[in-house]
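Visitor: Going down the list, the sequences are from chains A and B.
Numbering-wise, the first sequence is residues 1 to 861 according to the working numbering.
Numbering-wise, the second sequence is residues 1 to 438 according to the working numbering.
Hint data in this document are derived by calculation from the structure and do not stem from the laboratory.
Misleading hints may appear alongside valid ones.
[As the list claims (entries may be wrong)] In silico contact screen, one side only, chain B against chain A (beta carbon under 8 Å); selected entries: (1) A27; (2) H31; (3) L34; (4) P37; (5) G54; (6) A61; (7) L69; (8) G71; (9) A72; (10) P91; (11) S92; (12) Q95; (13) A98; (14) W137; (15) L354; (16) V355.
[Stated by the list, open to error] Residues from chain A that keep clear of chain B, each with C-beta distances beyond 12 Å, as calculated: (17) L74; (18) R176; (19) P332; (20) E438; (21) A665.
By construction, the Cβ of each residue, glycine as well, lies at the ideal position given by its N, Cα and C atoms.
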Amino acid sequence: MTISTPADLAGLFDKRQLSLDPVELITYEVDAGFDRGRPDGVVFPESLDDVARLMRWAAATGTPLVARGAGTGLSGGAVAEHGGIVVSFARMNRVVEFDTQGRSALVDVGVVNLALDELVKQAGLYYPPDPSSGRSAVIGGNLGENAGGPHCFKYGVTTNYVTGLEVVLANGATVRAGGRALDYPEYDLCGLLVGSEGTLAIMARAYLRLIRNPPAVKTMMVAFDTEEQAGAAVSAVIAAGLVPATLEMMDQRGMRIAEAYTPVGLPVHAGAVLIVEVDGYPDSLDSQIEEVADILTARGGFNLRIAQSEAERSQIWYGRKSFAGALARLAPNFYLIDITVPRSRLADTLTAVNAIADRHRLTMGHVFHAGDGNLHPCISFNARDADEQRRVFQASEEIVRVCVERDGSITGEHGVGIEKRAYMPMMYSGAELAAMTEIKAVFDPAGLLNPGKIFPAELPAAERQAPRLPQGEIFAPGDAAEAAAGLAALSAAGESVRIGGAAAGDRRGAARWLTTSSLTGVLAFSADDQYVTVGAGMRVAGLQEFLAAHRLRAPLVAPWPEATAGGMVAANVNSPQRRRDGGIRDVLLATTVAMADGRVIRAGRPVVKNVAGYDLPKLFAGSNGTLGLLVDVTLRLLPQPRLRRTLALPAQTPEQGLAWAAATAPVWLATSSVVLCQSAAVAGIERAPFTLLWTLEGVAEDVIAETAALDAALRSARAPSLVEVAQPAAAALWANFVARRSQNSLLLRVGVPAGQLQDYWRQIAGGAEARGIWCFDPGNSLAYATHGAGNDPAAAAAWVERMRAPALTLGGYAVVMQTPPGLSTQIDRWGYRPDALALMQALKAQWDPAGILNPGDSVAG
Amino acid sequence: MTALTAPRAASQLPAALATPQVRDLLAQCIHCGLCLPACPTYTVFHTEMDSPRGRIALVQAAADGRIPLAGAFQEHLDLCLGCRACETACPSGVQYGAILETARATLHEAHPPSRRERFVRWLGLRQMMPHPRRLRWLGRAMHLYQGLGLQALVRRSGVLPQRLRAMEALLPPLPAGYPDYRRPAPAIGIKRGEVAFLYGCIQDAFLAAVNAASVRVLQRNGYEVHFPAGQTCCGAAQLHVGEDDLARDLARRNVNVCLHRDYVAIISNAGGCGATLKQVDHLLADDPLFADRAKTFVAKLKDINEFLADHLHIPPTGRLDLRATYVDSCHLRHGQKVVRQPRQLLQAIPGVDLVELRQPDQCCGSAGVYNILQPDTAQQVLDAKLADVAGTRAQVVVTSNTGCQLQMIAGIRQAGLQAEVCHVVELLDRSYAQAGPP
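Turn these sequences into a full structure, and let the hints guide you.
Guide: So, in structure tokens, the structure goes:
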């Protein structure tokens, strides 16, 4: 690649912001991986404007841009393999906003991961993604790779903490995807961009969600004779319904290496060690530790040691996170492989991986995130020995294959980059890869953004089902192939479908009713791995019943008895439990989709860590069936809580209720949901216009301690004492409200920036009586409302606009969830225009060119 | 813009960089980037070429003959403070200091300094620093310069050229007289042994009070303090600019004069000098006459904090009641790995409330003569340090190295902070004085 005029840049940027010196550029040839490529220049933007200006220049001159954070990636993601300009974000390192009440932050992407965590910890908050490179790595790189880390077992990965992004698109436009509020009525481009390795857009700022820093933590180390034994013990801990903050494993070689750099007393004579951390209220740690220890020792664990001080604990993690570097002390070169398998396959994967290393006569160590099934086999070798190097890469390919065969991923957290792109066809079909490259083409038609990454040059052909036109007005496919064949024929015929779970329903102008009623049943279930795959048409109630028998639950709360798993996912219906359980976007591990052109793709894999290619499930969650038909969904499961307790307060006004809810916000840790509901009768408390409920879940000691903490917070706010109620749980109260209010009335869902429900309520124009009936979800800053104006279309539309205006002003939205028949045409359902609407429309046109899928059911059509 | 040269034939490669030893040192770096936040110049510029990882990549490229030694290569190596904070941060055990010194020696060889530069070096490194008496005369002259009001005049007028201005700005308030090192200072109370004291060059001329306090504290703890005659500058500045031969001469002199008696320890009270003195065994490894003696010398050489932490026989009991913060000397912390001891000593003083800096491991920008050679960058590094210091609201800023102390005195004056700057031993000395005679 040649640039006609890199010197042009000198006219666009101050010389402090630019490097074109070939000698200096040598220092930008490589990240922390093996691959190299020298850029033609480096630009150091200091603002969003700088980035946009650079992008416009690049678009005009056809120059590739490669975004770079701290260059700590291991897969070559920041390497300018094809030349072009490296965009270094090291100087864009401001924490722009930090809202302790709303538990959120807006940061420039050059903020260092650990520096952010240290900053928010001062306010009692926590930013959990903690890659080992976090001392240096910046948020932008974390976003690009969807970084994980040891604490992701309990807390999830980077994408679970990103609610919005400010990005510069390939055409130079600056857009926001998502934002400060949750669940915007749009395709989840934010979710798609996280983990896209800088190939779709240049991310410049991120809206991050923070959580309360657990007040106490304990770390222990337990030795095992073999890695396999330790692997089995990990499964046993999880099967018992315990959720430690980390479950890290090191084998003997790993321990010796780590211990040589940071001596912390690892049991270097044992075969393996587990580093287990539990957190919560101080009262709960001893019993948590004791229970974990009992399970581990019953499975062969010995030599249990608990860190005695914060200094000792941080020393243990410092050593663990320095592992890769420490390894370099012993071997001239090493290769750290990043792969994921479903956790239950950990022990047999380790056996297989070790056998491969033995067969190739290679020395291998293991230090990895056992709780996530995320292995990091580490091979030491001498690069000057060509034969040995060849064996290393041969072994690594075989190891990757072992994971794919177990339905795992070729990369759990390091990314594909250059390193693993050749393996992509091993994991994904031609149809799946085509879906990804089509996205790339929509975002970056000229191929300027980080060219060459993720995808191999040669892609396998995309298989399509031959079109087969379904008969009759109702189309009830029995499997994915039939669905895809039908959709392909309908596309050709230009006949639209309305998708639903019911056998028949209101087609709202579409030619056919497509029901998922024949796509039911549990297709795959693993209690050990805590996931289930069900047909899209399976009812949530039936699914929960099935799971309860295994002491598990799906993080879905269905307001309607007939609600299906596929319907909930497609419509992105999130209950107040979202606060603790995550949203549907966070728990949807995979989904099989029948596309309008006859392709069947499986988006995602049943592992909690998978950064191979684009995060397609995010796009389908909340797409309302407008991008493809969800045939089945794979959901992450949660253990049934040891204790669930619901506490209640009567409130006379919404202002009072919201203020009390806000007063308790700093305490929320075990609190899984908070609901403030109008006109709700709850047995056991005095009848009042509003009822405020908190549901707490977790180990008993945590729930008890948090009850006291909530009480104390409310006392300071001069609220009455909390009353424990038998039922309903907060989420059930919300579900009742939504179910009742969605029958023949207009139901509105309002989302506002985290912590701003009180502001929103204050800003609504007009008197209280005309506002309708409300149910608030303060934990997620969402609200649900129905109006009392009857079926007068003009009055209803005016009401919607009155409720919508302040939400939009605050940076939120108000979307119509449900309209009674007859009203639908008069009311603007979305009332929200995403910045990236054109992109969403282009994506819709790409995947549904005939526009047959649920016409009008997304903001993009 | 520098053009890339075609790879040179092996015979033309910079010889010192192409040795197997240097190649091994370079190969140790896996470019993981964990050094970045520890590096003061990366923190200022946020550029790879001003990071440890980037400089290693440049040295590697030079060793491979991919880039010329002039231009950007030299520029970015010159910008390195040599604080070696990266070594502490590095999990792979890269010996950055050794790589840097080799690269600088190579540069010195490849690009002999200009005549003017040679004159300045001849004057400073050869004619002044190795000669304590000449330095004292300079000190006395500067005392007059300050006393006669010339300093205020010069500072207002700005007549000095940049480098001299940078030097002048570092002048601390100077004493009128100097201690007498001709006779040993006797132990106070029970005599526990004899130690050799290296009073240094700049330290003696410009921070004589620190030396005086060091001697009193050693005496108080039962040591007879000897001042081996003929001792000289440690050679750090000479090594820094690649004058290795001169540095070796100085090392021989110091080794020679300090091994006449069987001292319990040879004491240095400046972190930077100590770090260099602890490496004279490497410097003289190829000298058959001195190799063994240099090892003995190094075995006995102790930083004063290190020595006192183990030999504080008389606890300081005088109460001081002040809020203090400790500014690590990079060469003491990263070079000598003496981190705990100065803190321990400060905490042993009743009433001293020791507040840690947010980033105690970051350089203050003094870095030997860096603040004179690279005043702009040094200023930015110093600004970050001063902001950190101001955040502690300390009344006393405690250091353990000549360069740091001068840099902090100048910085604090310039920032208008109300804090006193002193050496660890000065606070100990004050506490002893407070407690009264034994």
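Visitor: Now tell me, hint by hint, if it's right for this structure.
Guide: Taking the hints in turn, this is what the structure says about them:
1. Checking B:A27 against chain A: minimum C-beta separation of about 6 Å stays under 8 Å; hint holds.
2. Here the hint on B:H31 is kept, as its CB sits about 6 Å from the closest CB of chain A, short of 8 Å.
3. At about 5 Å, the closest approach between the beta carbon of B:L34 and any beta carbon in chain A falls short of 8 Å, and the interface hint on this residue holds.
4. Taking 8 Å as the C-beta contact cut-off toward chain A, the hint placing B:P37 at the interface holds, the least distance being around 6 Å.
5. Hint status for B:G54 relative to chain A: holds, with the closest Cβ pair at about 4 Å, below 8 Å.
6. A least Cβ separation of about 5 Å between B:A61 and chain A falls short of the 8 Å threshold, and the interface hint therefore holds.
7. Taking 8 Å as the C-beta cut-off, the interface hint given for B:L69 is violated, the closest approach to chain A being about 10 Å.
8. Taking 8 Å as the C-beta contact cut-off toward chain A, the hint placing B:G71 at the interface holds, the least distance being around 6 Å.
9. Hint on B:A72 holds. Least Cβ distance to chain A is approximately 4 Å, under the 8 Å limit.
10. Taking 8 Å as the C-beta contact cut-off toward chain A, the hint placing B:P91 at the interface holds, the least distance being around 3 Å.
11. A distance limit of 8 Å between C-beta atoms decides the matter here; for B:S92 the minimum to chain A is near 4 Å, and the interface restraint holds.
12. The closest approach between the C-beta of B:Q95 and any C-beta of chain A is roughly 11 Å, which is over the 8 Å cut-off, so the hint fails.
13. For the restraint placing B:A98 at the interface with chain A, the shortest Cβ-Cβ distance is roughly 15 Å, beyond the 8 Å limit, so the hint is violated.
14. The restraint placing B:W137 at the interface with chain A is violated, with a minimum CB-CB distance near 43 Å, outside the 8 Å limit.
15. Hint on B:L354 is violated. Least Cβ distance to chain A is approximately 17 Å, over the 8 Å limit.
16. Annotation: B:V355 was flagged as interfacial toward chain A, and the flag is violated, the nearest CB pair being 16 Å apart, outside 8 Å.
17. Remark: the non-interface label on A:L74 conflicts with the geometry, its nearest Cβ contact in chain B lying 9 Å away (cut-off 12 Å).
18. Distance check on A:R176: its Cβ is at least 26 Å (rounded) from any Cβ of chain B, clearing the 12 Å threshold; non-interface status holds.
19. Not every C-beta of chain B lies more than 12 Å from that of A:P332, the closest at about 6 Å, which undercuts listing it as non-interface.
20. A cut-off of 12 Å between C-beta atoms confirms that A:E438 is not in contact with chain B; the least separation is 34 Å.
21. The non-interface label for A:A665 is consistent with chain B: the shortest C-beta to C-beta separation is roughly 29 Å, beyond 12 Å.
Hint compliance for this structure: hints 7, 12, 13, 14, 15, 16, 17, 19 are not met, and every other hint is.
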